[in-house]
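So the protein sequences, as listed, match chains B and X. In case it helps, our numbering puts the first sequence at residues 1 to 343. In case it helps, our numbering puts the second sequence at residues 344 to 585.
All clues stand as given, with none of them false.
Selected chain B positions facing chain X (Cβ under 7 Å, derived; list incomplete):
#1 Asn123
#2 His124
#3 Asp126
#4 Leu130
#5 Thr131
#6 Thr134
#7 Leu143
#8 Gly144
#9 Thr170
#10 Ser171
#11 Glu172
#12 Ile250
Hints in this document: simulated from the structure, not taken from any laboratory. All residues carry an ideal CB built from backbone N, CA and C; glycine is no exception.
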Amino acid sequence: MKARYFIAGFCLLVVLAQAAIVKKEPAPFVLVLPPHFPAPVYDFKHNPLTKPGVALGRFMFYDYRLSKDSTVSCGFCHQQFAAFGHFDHALAHGVAGAQGVRSVPTLFNMIWQRSFMWDGGVNHLDIQPLTPLTDHNEMAMDLGELLVKMRKDTMYRRMYKEAFGTDSITSERMFKAFSQFIATMISATSKYDSVMQHTAVFTPEEEAGYKIFQQKCSSCHKEPLFTDYSYRSNGLPYLEALNDVGRMKITGNVEDNLRFKVPSLRNILKSAPYMHDGRFYDIFQVFDFYDHGVKVTATTDPLVKNGISLDEKEKRQLYFFLNTLTDEHFLKSEALSEILIPE
Amino acid sequence: MILRIFLCMILAGSAVQVMGQSASLELSVTHQFGGKPLQRGMPYLAPAGDTFTISRFRYFISNFSLLDMNGKETALPPAYFLVDDAKEESKIMTLKDVPPGSYKSIRFLIGVDSIKNVSGPQSGALAVESGMFWSWNSGYIMAQLEGHSPVIKSPTREFVFHVGGYRQKDQVLKFVTLSFPAPVQITGSQNKRISMTADVNKWFLPDTVGFLHQPVVMAPGPQARKLAANYRHMFTITSVGE
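Chain B with its partners taken away, still in its complex shape (with noise of 0.2 Å):
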């Protein structure tokens, strides 16, 4: 009888001790999914968000060290009030005065997303951050001297430590926290998603202009994500100096040559310049670009041989339903803002 008090007492003493160096779990980031939105691609099994982790993302994604000479961070072409375009910048630039020949693309609803850059190069989202980190345009970073600089600062330390319950810094890790933060970035709450929830009514012109979008715009610019994630040539005259072949550079296939990835629209008036080399400053020259100004190849898309046809009013009415798709509490959200990296 006695034994038996005696094992229960152990058994107790057991579990108790187990529950006591069972590590504290960092607090879960409940990501809020848009309800007219599909089901993101992005897999959240590998890399569950928490709370810890996605500061560790955001945190990483405004630190100008992260590059050579501690000048450029992510956030530096990366820019909110741009919806993470870099506002008024044809062309990329990084470190030393480099410059790519591409535009900075915008981040937003990124875990919707299969294969990232304008070309379709990158093949996961968690990989992504590698091509701008070491990029010799951009922020031509050593990986390897990236992860001793960062092991040797504690403040990172303790905050991999926070995010992944060790303070072992790895780059598998480094590269999830940043995809934490990033899948964050979701940009769900314009006037045109009110209005899809019933929620707002489109004004006469917004909604004229989004029946010309729906005729004119929507097989490429796919609802509710305002793009089919394809990569098509729309007919954009090659410039020799830049000599970008798109698509073609990573397949090595023909029929891809000139072929770019399909942008969203959301947010679009906010993300001037236009097209993968930001040739185009203004909305109104990308409509007169597709009225007018396409220049057939063999690759030019079907949809888009023959020119789109917009009169006038009809580009004051489309401007005016793009219009909508700007997203003020995406542009403005606090959790996503620019944070300030102590020396």
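Using the hints, position chain X against chain B.
The following block gives chain X in isolation, referenced to the frame of chain B:
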């Protein structure tokens, strides 16, 4: 009585642990050029007749399995190694949890399987800071050979063979099956050692590769496929021991 059951359980638990100890295979590789130990910086003669030196030689091997006397294949637990000629420790690889049996050959992949090429960042040997991963066109560089040759016209006279490509069209993933000199018996927890060589001369044959035509290979494509079809023959098992 309950105490006895409790004790029995503890004992049984440790017994399982002891029985769970399994054999390991230690795989070591020696790099060669034309049958002699490879020396980086040493002038060599390529089969096409050009002199050249080697400055860097690295490759991944993974997806190991063993074939028994009846040809039945047993996959070993997932393991990925990045072998670097400049790092001696990378030339000794331990394959754990080898099931008991009598085996006639070993099979492995030169490179990293397509799944790991599309699954985002990895750790250990596959961590991308090795530089063995393309940032602009995601995917691992499966094997890498760099050096110099006076026949190359560029200012640096450097050749750079970065062989990669996991998509069907430009796939360079090569499985190799290597026979043991005599059957290898794996029993209980007794470890075995396998020694093999990798001869860099095989990169240039049988489909002759010279330096003049295309000294820089840094993307998936026909030249990468050609190099991979050559180097798949570079491994030979030399001995098996305790």
